[in-house]
Structures are given as C-alpha cells and as structure tokens.
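Student: Model the full structure from these sequences, guided by the hints.
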Amino acid sequence: MNLESDRYRSVKAGNRLGAVVLVLGVGIASQFLSGSQLALLTVITIYALAGMGLNLLTGNAGLISIAHAAFMGVGAFSAAYLNVNLGVPALPSILLAGGIAAAVGLLFGLPSLRLKGVYLVMASFSAQIILFWFFEQARWLTGGEDGRFVERPIVLGIDLQEGSRYYLLVLAFAVLGAVAYANLLRTRMGRAFAAVRENPRAAEIMGVNLFRTKMTAFAVSTFYAGVAGALMAWYLEFVAIQAFSLFISIQLLALVIIGGLGTLAGAVLGALFIVLTPELLDGLALQLGMETGQMAPVRQGIFGLLIVIFLLYEPHGMARSWRRLTTYLFLKISK
Amino acid sequence: MSSSVPILELAELSLRFGGIKALQAVSIGVAAGRIHSIIGPNGAGKSTVLNCISGMYRPQGAIRFDGQDLLRRRPHERPLLGIARTFQNIALFREESVLDNVMAGGHHRLKSGILRGALYWTRFGCREEERRLRDEAVEAIELLGIGELGERPVSDLPFGDQKRVELARAMVSRPKLLLLDEPMAGMNDSEKAELAQVVRKLNREKHITVVIIEHDVGVVRRISDTVTVLDFGKKIAEGGPEEVMKDPAVRKAYLGEEEP
Chain A
1 MNLESDRYRS VKAGNRLGAV VLVLGVGIAS QFLSGSQLAL LTVITIYALA
51 GMGLNLLTGN AGLISIAHAA FMGVGAFSAA YLNVNLGVPA LPSILLAGGI
101 AAAVGLLFGL PSLRLKGVYL VMASFSAQII LFWFFEQARW LTGGEDGRFV
151 ERPIVLGIDL QEGSRYYLLV LAFAVLGAVA YANLLRTRMG RAFAAVRENP
201 RAAEIMGVNL FRTKMTAFAV STFYAGVAGA LMAWYLEFVA IQAFSLFISI
251 QLLALVIIGG LGTLAGAVLG ALFIVLTPEL LDGLALQLGM ETGQMAPVRQ
301 GIFGLLIVIF LLYEPHGMAR SWRRLTTYLF LKISK
Chain B
1 MSSSVPILEL AELSLRFGGI KALQAVSIGV AAGRIHSIIG PNGAGKSTVL
51 NCISGMYRPQ GAIRFDGQDL LRRRPHERPL LGIARTFQNI ALFREESVLD
101 NVMAGGHHRL KSGILRGALY WTRFGCREEE RRLRDEAVEA IELLGIGELG
151 ERPVSDLPFG DQKRVELARA MVSRPKLLLL DEPMAGMNDS EKAELAQVVR
201 KLNREKHITV VIIEHDVGVV RRISDTVTVL DFGKKIAEGG PEEVMKDPAV
251 RKAYLGEEEP
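Note that the protein sequences, when read in sequence, are chains A and B. For the first sequence, this note's numbering gives the first residue as 1, with consecutive numbering after it. For the second sequence, this note's numbering gives the first residue as 1, with consecutive numbering after it.
Keep in mind the hints are simulated off the structure, nothing from the lab. Check before you lean on any hint, since a few could be wrong.
[Unchecked claim] A partial selection of chain B residues facing chain A, derived with a Cβ cut-off under 10 Å:
#, residue
1, Leu-80
2, Ile-83
3, His-108
4, Leu-110
5, Ser-112
6, Gly-125
7, Glu-129
8, Ser-173
We put the CB at the ideal spot given by N, CA and C, even for glycine.
Tutor: Structure follows, in structure tokens:
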C-alpha cells in the first residue's frame with residue numbers, strides 16, 4: 001500500500017523476531033537459575049498465560065471478570081483429580097482441565113448476555129464466591145481448608161520433579177497460548193470480539209451473533225485459565241484453595257489493566273509487574289534494614305500506589321510504553 | 001433500473017415510541033436495481049425506517065426482502081440475506097484500525113472460528129480467506145479515496161472519512177441491498193459529488209439496490225431513480241425525483257424550509 005504500512009510491517013516483523021529471541025533466552029536461562037529465581041519465573045509464566053485468557057475476555061471482548069482465579073482453581077483441581085486420582089496421563093489431563101474450566105466458564109458467562117459493565121462484574125463476583133465455596137466444601141477434590149498434594153507428573157517419559165524441567169512444560173504451554181492468542185486477534189473471531197466490545201449494535205448489524213461471540217470469548221478465556229491453573233497445581237505441589245481466592249482474581253484483573261488491555265505484550269508485562277514488584281520492594285526493604293513485620297504494610301502500600309500511578313499516567317498500560325520504546329529503537333536502528 | 005420487481009417491500013409499517021407515532025402505516029416498495037431516496041424534515045421517521053429494516057426496531061406491519069419475511073429474522077442475519085447499512089451517527093469500532101473495521105464487514109462471509117483462527121498459518125488455518133478479505137478491504141478503501149489510512153485507528157479520522165469507512169465496511173459485506181443513512185453529512189460539494197459517483201458505480205456495476213437518506217436536494221435529484229417523502233411519520237409523496245419535488249405537499253412540508 002504505502003510507506004507507513006511498510007514501516008508498520010517491519011516493526012511487526014521486528015517484534016516477532018524479538019519474541020522468538022525472548023522465548024529461547026528464557027528457555028535456556030531457566031536451566032541455570034537458582035531455585036527462588038526459577039520459582040518466580042514459573043509463576044510469571046503461568047500468570048502470563050492466565051493473563052492472556054483474561055485479556056481476551058476483558059481487553060478484547062470487553063467483558064470484565066473478577067472470577068478468573070476461581071476458573072484457574074477449577075482447572076487446577078480437575079487436573080489434579082484426573083492425573084493423581086484417576087491416572088489420566090498429564091497432557092490429556094491439562095487439556096481436559098482446560099475443557100472443564102471452559103464448561104464452567106460458559107455456565108457463568110450466561111449472565112453476560114443481559115448484563116453489562118458493573119452489573120457483569122457483580123455476576124462474576126458471585127461466580128467467584130460460588131466456586132470458592134465449592135472448593136471449601138469439596139474435600140474429596142481439594143482437601144478443603146487443609147489443601148492437597150499434587151505429585152508432579154511424568155510427561156512423555158520425562159520425569160518433571162526437577163523444577164527446571166517442569167518449567168519447560170510451562171513455557172511450552174505459554175508459547176502455544178501466546179501464538180494462538182496473537183493469531184486469534186488478527187482473524188475473524190478477533191475482529192468479532194473487538195466489534196462486541198466497541199459497538200455491540202453495529203456488530204450485530206455486521207452479522208456478528210452476540211450470543212455466540214460472547215460465549216466463545218468466555219469459553220476460550222476460561223480454557224486458558226483452566227490450563228494455567230493445572231500448571232499452577234503441579235508447580236505448587238501442595239495446593240491450598242487460597243491460591244484461587246478473590247484477591248488473586250482481582251490481581252489478575254490488575255495484571256491485564258496495568259499490562260495493557262487486549263494485547264499479548266500486555267499479559268506478559270502485566271505478569272512481570274504483578275509478580276516482580278512485591279519481590280523488588282521486599283528486597284529494597286531488606287537493604288534499608290527494615291524488619292519483616294514492618295515490611296508487609298509498606299510493600300502493599302507502595303504496590304497499590306504504583307498501580308494508581310500507572311492508571312493515571314499510562315492508562316493504556318505497559319504494553320503501550322513498550323511499543324513506543326521498541327518502535328522508537330527500531331526506527332533509530334533502521335535509519 | 002433493470003427491473004421493476006420489488007426486492008424490498010415495506011407494508012403498512014407503524015411504530016410508536018411511548019406517545020409518539022414514529023411511523024404511521026408507511027408502505028414503500030423498492031424495485032431491484034434502483035437507487036431509492038427517502039427524504040423529509042428532521043424527525044420525519046427516515047432513520048426509523050432503516051432501523052426497522054435492519055431489525056433494530058420491531059414495527060407493526062410487514063417487511064419483505066427478496067422473498068423473506070424480515071421481521072422474523074434476527075438482526076445479525078441481515079448480512080447473510082444480503083443487507084448492509086451505514087449509520088447516521090457513525091457506528092464504527094473506534095479503537096480498531098480502518099482495515100480491521102472494513103474487514104469486519106466480511107464477518108458473515110468467512111467461516112473460520114477459534115481453531116482455524118488460532119492455527120492461522122497451518123494447513124487448517126484461515127490465512128487464505130483472511131488475505132482475500134484483506135485485499136477486498138484495501139480495494140474498497142482505495143475506491144473511496146482513503147487507501148492511505150488503512151492502519152490508522154478510526155477514532156483519529158475526521159467525520160467525513162469515518163463515513164467513508166462505514167461505506168467501505170458495508171461494501172465488503174457484498175450486499176444486494178445497501179442502506180445509507182446520510183452518508184454525505186459533513187462533506188463539501190465536491191466530496192459529495194465524488195461519493196455520489198461511488199454510490200452510482202456500486203449500483204450500476206455491482207447491481208446493488210440502494211436506499212439512501214439524504215438532505216441535499218441536489219444530490220437526491222441527481223442520483224435517485226425514485227423518492228419517498230416522509231413527514232411526521234407519514235408518507236406524503238412518492239415517485240420520480242422531479243415529479244416529487246413539484247408536489248405541493250412536499251414543497252410545503254420540506255422544501256419550504258430550505259428555499260424561502
């Protein structure tokens with residue numbers, strides 16, 4: 001077409017190359033990290049995957065959920081039950097866990113046909129409450145308040161007890177999820193999600209079936225959450241239901257808002273921010289010689305403050321700053 | 001003006017909003033291949049007629065299109081039947097790029113769902129149909145003179161260009177019937193003339209029947225085969241453009257305001 005779009009394409013190609021380098025780099029680095037570093041990396045990667053799912057629903061289709069940790073929980077306990085109790089192999093267990101989470105997600109997505117905005121938030125709030133109550137009650141599945149152990153699986157003959165090996169499984173799912181997400185956004189369903197978010201009435205006139213499109217968004221989004229939950233269960237090994245509480249759901253929502261709504265980079269950057277910021281603040285507090293007791297409130301306060309500052313000065317999220325930076329660097333280099 | 005078979009028939013449409021009678025027994029027949037204008041003062045019910053055809057309102061009466069009873073169809077089924085439209089107050093997907101907006105018009109023609117979308121470049125993927133649609137979208141925006149704006153988010157564009165994006169989006173749905181609600185609002189005379197050319201071209205070359213709401217009497221005279229005049233939700237005249245403009249009731253209700 002023209003120059004502007006050529007430049008646009010080469011920036012996109014640059015991003016793709018960067019993503020490949022990032023994945024390879026992280027994959028290699030993960031084999032050499034210390035235990036605590038690897039733990040952080042694993043949680044970031046799992047949250048990034050869950051973040052993609054929530055971003056598809058909230059950022060792309062415009063349907064807000066504060067129940068995504070509960071959907072992760074559905075995936076986590078489903079996979080644990082399938083693999084540990086029923087002896088289903090690990091990979092089918094993960095995919096089935098995603099499927100079960102999607103089925104539950106569809107059920108709790110039904111109100112979205114009638115409810116919008118804050119009212120939909122309240123509907124997802126009740127989904128969180130109901131599912132969490134179920135986790136508390138279903139001791140045969142979750143261990144209730146005591147939690148349960150989940151032994152790490154053997155996948156394709158490889159024992160994943162070792163954290164660095166297990167991480168490669170997590171990374172593989174995150175990469176598959178990222179590729180699928182990026183592809184979805186640029187094709188027919190991605191446009192339909194955007195249409196439903198931006199102007200449901202016009203979407204309908206363009207031939208978008210609102211019911212099917214919203215339900216599809218819920219199913220895909222909660223499938224991601226379910227898979228992320230399954231991976232989280234095996235990472236934790238000892239799974240407490242608190243890992244899927246309302247607080248975590250809201251953290252996930254904060255993740256996509258701060259990272260950048262509706263973008264892949266947003267899910268990844270948001271996960272980095274959500275996981276690393278408290279760690280860095282703790283490190284800083286230690287350096288300043290604070291005691292553990294004093295640290296927690298200060299950390300939470302500063303963390304909250306950072307979120308507010310972000311919303312004020314970069315309402316489109318870190319992905320927007322990141323894109324500005326990479327585009328700028330790219331143009332500098334290509335000149 | 002290939003035939004006089006009505007492709008669109010509105011029979012005795014009536015619609016009330018609370019105490020207001022928005023439409024009162026309005027009947028309009030549009031022959032296939034025609035450009036049919038609906039004119040009338042503000043609040044006459046012109047947009048309401050289009051909204052009834054697109055399924056946003058449910059009036060009393062009957063609407064038949066191409067042998068189908070439209071009032072029994074859901075709004076999202078219109079594009080499949082061959083009906084596309086633009087809106088008076090612009091209904092674009094504001095955060096999305098011009099091309100993504102225009103490609104949304106092809107939604108009903110593509111088949112790919114989640115899986116074929118996610119597997120984009122594989123054998124099962126939807127790359128081919130996506131590329132074809134993209135080419136068609138580029139062609140449409142180039143025809144409308146906004147080819148260089150493809151990657152820009154529509155919220156950045158001036159009103160007139162947004163109107164063009166809407167028309168391009170409607171074109172990409174390959175309609176048999178195109179409903180245009182004041183597509184030339186906010187344009188100057190030469191821009192209006194260009195757009196009128198495009199509408200004519202779509203009508204003559206792609207055999208698209210057009211129903212257009214337009215205030216500019218000059219444009220209406222030039223492009224219309226037939227004209228319906230509405231006033232306070234009632235049809236007060238219908239016929240060829242010259243004939244209608246001479247009608248005393250029309251001059252009083254409508255033209256009287258503009259030509260003192």
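Student: Would you mind marking each hint as holding or not holding in the structure?
Tutor: A quick look at each hint next to the structure:
no.: 1; hint: Leu-80; result: holds, 6 Å
no.: 2; hint: Ile-83; result: holds, 9 Å
no.: 3; hint: His-108; result: holds, 3 Å
no.: 4; hint: Leu-110; result: holds, 5 Å
no.: 5; hint: Ser-112; result: holds, 5 Å
no.: 6; hint: Gly-125; result: holds, 8 Å
no.: 7; hint: Glu-129; result: holds, 8 Å
no.: 8; hint: Ser-173; result: holds, 7 Å
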